[in-house]
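Visitor: Order-wise, the sequence lines are chains A and B.
Residue numbers for the first sequence follow the numbering used here, so the first one is 1 and each next one is one higher.
Residue numbers for the second sequence follow the numbering used here, so the first one is 1 and each next one is one higher.
If you're looking for bench data, these hints aren't it; they were derived computationally from the structure.
Treat the hints with care, as some may be off.
Identical copies go unnamed one by one, so any copy, or any two together, can satisfy a pair.
When the alpha-carbon atoms are kept at most 25 angstroms apart in a straight line, the in silico BS3-like pairs for lysine-lysine are as follows [claimed, not checked]:
1) Lys-229 to Lys-12
2) Lys-68 to Lys-140
3) Lys-68 to Lys-173
4) Lys-220 to Lys-68
5) Lys-68 to Lys-85
6) Lys-85 to Lys-229
7) Lys-220 to Lys-367
8) Lys-7 to Lys-129
9) Lys-129 to Lys-237
10) Lys-173 to Lys-220
So the chains spell out like this:
There are 2 protein chains.
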Amino acid sequence: MSKNPFKVYNDKPTTLDGIYSQAEVGLANRNSGVLLETLALDITPTGSHYLLNHFDVPLLDAENHRLKFSGSFREQLELSIDDIKALPALTMPVTMECAGNGRAGISPRSHSMPWVYEAVSTSEWTGTKLASLIDQACPKNDVVEISFTGADYGYDMGEPHFFGRSLTLAQIKELDILLVYAMNGAPLLPQHGAPLRIIVPGWYGMASVKWLTHIEALTKPYDGYQQVKTYQLKMHKDDPGIPIRNIRVKSLMVPPGVPDWSTRKRFVHAGEVNLVGRAWSGCGVPIETVEVEIAGQWRTANLSEKNDRYAWQKWTYSWQAEPGVYVLRCRARDMNGNVQPLDPPWDQAGFANNAAQQVNVFVGLEKSKVGPLS
Amino acid sequence: MSKNPFKVYNDKPTTLDGIYSQAEVGLANRNSGVLLETLALDITPTGSHYLLNHFDVPLLDAENHRLKFSGSFREQLELSIDDIKALPALTMPVTMECAGNGRAGISPRSHSMPWVYEAVSTSEWTGTKLASLIDQACPKNDVVEISFTGADYGYDMGEPHFFGRSLTLAQIKELDILLVYAMNGAPLLPQHGAPLRIIVPGWYGMASVKWLTHIEALTKPYDGYQQVKTYQLKMHKDDPGIPIRNIRVKSLMVPPGVPDWSTRKRFVHAGEVNLVGRAWSGCGVPIETVEVEIAGQWRTANLSEKNDRYAWQKWTYSWQAEPGVYVLRCRARDMNGNVQPLDPPWDQAGFANNAAQQVNVFVGLEKSKVGPLS
């Protein structure tokens, strides 16, 4: 081997290349991704949980915050944070993923936040069951949907609006939605929706409205921008679209070895390499298998049990790495038989790309032969 | 006015335009910036503090972590986190800024993390004085520098290394450096250097080594990659360069009004607009004045007193906004007479750009005339 073969390998351009605009980089500077190395942990470190905020973070005063129920409810509740904290509390680890995760892998790419793999995280959320509270407010017989509105406000495609979403009464009954005031044992952070948000486990993140101010019982379908104008899977611009809901089956690995600062290509020493990652699917469906592709061969990983319905599962694979250049991939299959595709599924807005992750690695000599600094 | 003049304004391309590579976007997805709206707060919310990590975050075990002193010390200390917590503790708000902040504004831009404005934050750091501990270890007479090495390891330009930096004994005596184990009243987060780091107040962030494992007393100048190969101000590639140290005088404003999701252009209602921002300079030098430019005229902002030596100062300006299109700017002057330039200072690696921030706003009709949703 020459003096530093990793350098030669690293100097070659990657296959995933693109040209991005200042606006996309601006979004990437605001909307932060999880650090993939923290996938080794069950719970994403606070502050490393991915963020996708459409508008500015509203800096709300928890003490004076009120959650207002309006529309076709028999009880027009108005609750303080203390009122909500006095209700039965529940803590639940939930894996959340942004519907736009993987957008950078779709060609041609839609102009929006250019996520590659990093818009997924798991936190422990504490709150009270939303369904019980909706029951308490008692929707009248004419109610078709319940809408949830945040304090975050701005423009999208020329339309000003508060961020809002809706759910049917049946969805509220089926999904284990939490009305949340704490994250990882601490009060919600401003950027994660303080003082109050919902968490809709198993659905992509857009449903988990932050900075929640209003819950309204509607007698006709909700037509808010973030429900009807976006977050729809569309094959082309004029496609009416299918609403995005359940998270698709997916897996990620902690990129092994050590990175190059700017290319993020990886150097790995030959010998035993413990690959580790996470796998998850929508609505609490457990993972059946995770496979790792090394040198064109798919191998079955060890998969941890599903301990928490809505949290990802850990997988590991012990790789006896020999010197060379590799593209590693991983893919999961869930208990419903859904499998990750190898190529990105097409969607004109770049939503729900669950194609298998690719990690480029260069395997050099064994550590014992060259020391830690080679 | 037509139906939605903001849309017409917002559809025009910005002057700050660029073409970015996948590698730059990848860095932006990892290295998260502060949310500029949180500049309204004295302390940046935990998790919104900007991050610039050269390599992967090492996930260290606090309980078994040891800080080792080596080289030309009379006392070869080896300290646990509990040993360090038993030393006199100090909590200090410190404004930290990445040396690469503003890189996206420099043309031609160097390939690295494409920060625009958002690599600056203020946290309350808790730890013990580094100078006292170095005294305790007692450097011998032949010592010229002390080096600080982290557990983060990887490649840059083909060179593998642990992240490390050095300081002279005189610098350690002069600067109020803290050996830190807590941030905003909670244990350090993994991505911010857990379980132990240093904070070098008043200097750009590269000096504040994270995941600290070794302190070494050197009898010849330190030649670590991050000290001699980068973090130098250079006019051209072959320029020997000037080491980057003190933070340059700078100010930022909270972008007023509400944003468009993807362009981040702002809509503001006519009437009184309370502009608010922060200003800071290196090594605890107080700010003398902050000026705001509106419609080509510079106006003096109200400046808060300097309460904490190393924390930014708040400024405000009440603007009677009339309908129209504006580019707002702000600039600060410090007590040493340093003023922010209007155009970016040249540096071939895009370091230390403290040019005045520009915020594009469209001022529409008064809120009372059109309601909140226009």
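Visitor: Is it within, between, both, or neither for Lys-85 and Lys-229, if the alpha carbons may be no more than 25 angstroms apart?
Guide: Classified as neither; 34 angstroms inside a copy, 54 angstroms across copies.
Visitor: State whether the alpha carbon distance between Lys-229 and Lys-12 is at most 25 angstroms within one copy, between copies, both, or neither.
Guide: For Lys-229 and Lys-12, only the inter-copy Cα distance (22 angstroms) is at most 25 angstroms; the intra-copy one is 41 angstroms.
Visitor: State whether the alpha carbon distance between Lys-68 and Lys-173 is at most 25 angstroms within one copy, between copies, both, or neither.
Guide: within (20 angstroms within a copy, 56 angstroms between copies)
Visitor: Is it within, between, both, or neither for Lys-220 and Lys-68, if the alpha carbons may be no more than 25 angstroms apart?
Guide: Cα proximity of Lys-220 and Lys-68: one copy only (19 angstroms, versus 67 angstroms across).
Visitor: I want to check one pair: Lys-7 and Lys-129. Are their C-alpha atoms no more than 25 angstroms apart within a copy, between two copies, both, or neither?
Guide: The answer is neither: 54 angstroms in one copy and 40 angstroms across copies each exceed 25 angstroms.
Visitor: Checking an output row: Lys-129 and Lys-237, CA cutoff 25 angstroms. Within, between, both or neither?
Guide: For Lys-129 and Lys-237, neither the intra-copy (38 angstroms) nor the inter-copy (60 angstroms) Cα distance is at most 25 angstroms.
Visitor: Since the copies are identical, ignore which copy is meant and state whether Lys-68 and Lys-85 lie within 25 angstroms (CA to CA) inside a copy, between copies, both or neither.
Guide: Within one copy, since 16 angstroms is at most 25 angstroms while 46 angstroms is not.
Visitor: Measure nothing new, just compare the shortest in-copy and cross-copy C-alpha distances for Lys-173 and Lys-220 to 25 angstroms and report within, between, both or neither.
Guide: within (19 angstroms within a copy, 70 angstroms between copies)
Visitor: Pop the pair Lys-68 and Lys-140 into one bin, within, between, both or neither, using alpha-carbon distances up to 25 angstroms.
Guide: within (17 angstroms within a copy, 68 angstroms between copies)
Visitor: State whether the alpha carbon distance between Lys-220 and Lys-367 is at most 25 angstroms within one copy, between copies, both, or neither.
Guide: Neither, since 66 angstroms and 29 angstroms both go past 25 angstroms.
Comparing the model with each earlier hint shows violations of hints 6, 7, 8 and 9; every other hint is respected.
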